[in-house]
Amino acid sequence: MISADSALSGSFDYGEVARSLLIAIAASYAALDLLGRATPARGRIRLAWLSGGAIAMGLGIWAMHFKGMMAFRLPLPVEYHWPTVLASLLVAILASAVALYIASRQKMGPVEVLTGSVILGSGLAGMHYIGMAAMRLPAITHFSPVRVACSILLAILFSAITLLLAFSLREETRWSGPRRLGSATVIGVAVSAIHYTGLAAASFTPASPPDLFHAVSISPLGNNGIVIATLTVLTAAIATSSVDRLRSEERLRLVIDTLPAMVWSKSPDGSADFLNQRFLEYTGLSVEEGLGWGWMREFHPEERAEEEWRAAFAAGEPFEREAKLRRADGVYRRFLLRAEPVRDKLGNISKWYGTSTDIEDLKRAEDELQQAQEDLARVTRVIVMGELAAAIAHEVNQPLTAIVTNGQFCLRRLEGGTSNPEELRTAITEIVNDGTRASAVISRIRDLLRKRTPNRTEIDINQIIRDVTVFLRTEFTRNRLLLRTELAADLSRVPGDPVLVQQVLINLVMNAIDAIRTSTEGRREIRIRSARNPEGVLVQVQDSGPGVEPELASHIFEPFFTTKAKGIGMGLSISHSIVESHGGRLWNTPSSIGALFEFTLPTGDAGVS
Amino acid sequence: MSEPESMVFVVDDDPSVRRGLKRLIGCVGLQVELFGSGQEFLASEHPNVPSCLVLDIRLPGISGLNLQQQLAKTNVQIPIIFISAHGDVPMTVRAMKAGAVEFLTKPFRDQDLLDAIHLALEKDRDRRQQEAELAALRERFELLSPREREVVAMVVSGMLNKQIAAQIGTSENTVKAHRSRAMEKMRASSLADLVKLIQRIQAFPSKSR
Chain G
29 MISADSALSG SFDYGEVARS LLIAIAASYA ALDLLGRATP ARGRIRLAWL
79 SGGAIAMGLG IWAMHFKGMM AFRLPLPVEY HWPTVLASLL VAILASAVAL
129 YIASRQKMGP VEVLTGSVIL GSGLAGMHYI GMAAMRLPAI THFSPVRVAC
179 SILLAILFSA ITLLLAFSLR EETRWSGPRR LGSATVIGVA VSAIHYTGLA
229 AASFTPASPP DLFHAVSISP LGNNGIVIAT LTVLTAAIAT SSVDRLRSEE
279 RLRLVIDTLP AMVWSKSPDG SADFLNQRFL EYTGLSVEEG LGWGWMREFH
329 PEERAEEEWR AAFAAGEPFE REAKLRRADG VYRRFLLRAE PVRDKLGNIS
379 KWYGTSTDIE DLKRAEDELQ QAQEDLARVT RVIVMGELAA AIAHEVNQPL
429 TAIVTNGQFC LRRLEGGTSN PEELRTAITE IVNDGTRASA VISRIRDLLR
479 KRTPNRTEID INQIIRDVTV FLRTEFTRNR LLLRTELAAD LSRVPGDPVL
529 VQQVLINLVM NAIDAIRTST EGRREIRIRS ARNPEGVLVQ VQDSGPGVEP
579 ELASHIFEPF FTTKAKGIGM GLSISHSIVE SHGGRLWNTP SSIGALFEFT
629 LPTGDAGVS
Chain Z
2 MSEPESMVFV VDDDPSVRRG LKRLIGCVGL QVELFGSGQE FLASEHPNVP
52 SCLVLDIRLP GISGLNLQQQ LAKTNVQIPI IFISAHGDVP MTVRAMKAGA
102 VEFLTKPFRD QDLLDAIHLA LEKDRDRRQQ EAELAALRER FELLSPRERE
152 VVAMVVSGML NKQIAAQIGT SENTVKAHRS RAMEKMRASS LADLVKLIQR
202 IQAFPSKSR
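Chains as they are written, first to last, in my numbering: chain G, 29 to 637; chain Z, 2 to 210.
It is worth saying that the hints were derived from the structure and are not from the lab.
Treat the hints with care, as some may be off.
Said to hold, decoys possible - Partial list, derived from the structure: chain Z residues whose beta carbon lies under 10 Å from chain G:
hint : residue
1    : Asp15
2    : Ser17
3    : Arg19
4    : Gly27
5    : Cys28
6    : Leu60
7    : Pro61
8    : Ala86
9    : Thr106
10   : Pro108
11   : Leu114
C-beta: ideal position from N, C-alpha, C; glycine also.
I would like the entire structure built from these sequences, with the hints used as guidance.
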């Protein structure tokens, strides 16, 4: 046994200790920085970033270690066996490569942490002891087994911490720079701690001069050279990474700012933390004005509904809505806003990403189309009215004729002085009845012609069928048609606009009349049925005409599709939209007799009988 | 029940209008009969008195204009007054060409309708008068022997007695005898009268033939 007294006592050069610490921190920073670039990259680029990172980190750790050795002064000349030194550098680089590889993967579970920290820890310890084995000095080196074990365990423990820190820091975020610096300090200190614990496990006893084959002494110049070379490599690595980051950030920003949409990100509660250039240009807001809840001010006052927005963000589901946004010049345009939440591993929303697309022109075109369709609908009505003008004249003139005739009769009787009160009373009663009848006809026609916004009431479909058949009565007689109605007595009322539903029925019946008008043979019959239906009420209009040709059946509901010489092809299309707007369906059923059109109108509590 | 002096038929699908027309026409002392459709009118018996038809154009089933055609085809010569809620020009022209007395647009002045009815009844009365006279003439013509008819036909065509005698191979006196017997049977006061009567029969040949 060698007594403790015989051991050589070493001293530390604290300036060197500090420099070694700095190198460790710088190496850690570079490693973390490159890890940040390697994580999202794929293929060769990822390999390049990982190798670069491993070299920078390994070199840094090794340099730290070497500086640490320099900081330890023994009262003996120390030389180094350079092949062994190179081997220790290689071990450092390999251990770093494994660590970076593990930390840059998609997932890092306990197994990866354990394996990674054992490899990295033993790598670091290995590098240390190989480095010490490179020392050539006239002394015998003794290792305390307990301290060696301690140093290895410590290395593994610190490696685990390093991996966890590196993994959590690899995402590039706003705060990644400062956080990286903090973590790099922790890791650098940890790596240094491993080194100095390992150093403390060794003691030296004077002995014969060593074999100095392949050994070199490290001059102060060489010592500084190592530092400078290492720092240069690390700086180059960090600079490369920064330039690359800036370039890719620039590319991304260019993409985001030139996208033909506003792009934004918001924190989980909905306050904005990013707004792209387009948003700022459109609204004329500065970044500061727009961030937080400032973007709310750009909504149309009627739609601001901050609570509603907060609720949408709180609900945490992807959502889209239309809103009017104020342009810098005060004009409001309609936008389609879409938001998508991004969730963290625990499922909590970490951020909202969204776009706002200008749909004003699209909307305007849509409105114009709708307006055109409404106009067409009115034109169709006018055309139907035109065809029915004769019928209307007849409808109104009949009661008027009766009124005038009865009135003239009364006058004659009175003038002739032969009046019989009973006879006059009968005639005058008829006058009153016919007056009422004429006014009912007129108000029905007025209702039909007036362009009205949908006026929803509870409608009695049988009453509508009766109204329409009365209204079209002269069409039936003129075309020598038999009308059969089968109206179910137990129908519930359905919500709807009576005039619009009337329009649908008129269109269907007029089509039926037209279908039979052109046919010369067979029965001339139109059947209108009403019935209960699981959806509500069902109305069928069937004619005895030639029917719908199967190859045309799929087109008959298209706008402007017509088989009539004078038709404009809007009747069924409009009817279809009217029925749909009532929540019902209108369809054509293949039938053995003529054409059969059916439509349903749901009751308020659809499906419940 | 005694036969009425005249008869007005009204065909209109609107019951109110029908009743009003019955009152109005009835109050000037005319007999009125009402029908809701052309078929009803065709199916009914009509008394053989001067009559006219007040007819709506737009009717269920047979339209007013079709009814007019059918009546003409079956030789029912009844004057027609059309009434319509929406008479257009082509429709009016068609009706008038087919012999309608009047085309009135509903609602019409009572006097216009009554004047038209009176005119129509007058027309029908005249026609019936002429038909009656013609029927009487034909009856008398039926009394002529074949030889007398032959001679009368040649007289009407302007042949002299001598020419007629030569034509049928007989004497002039025999021709004269045929002629005077024919004048007697036809109750013609003169030769000129005979020619007029025969020409009238020829202008309106019997329907049965």
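Exercise. What hints, given by number in increasing order, does this structure fail?
Worked result: none
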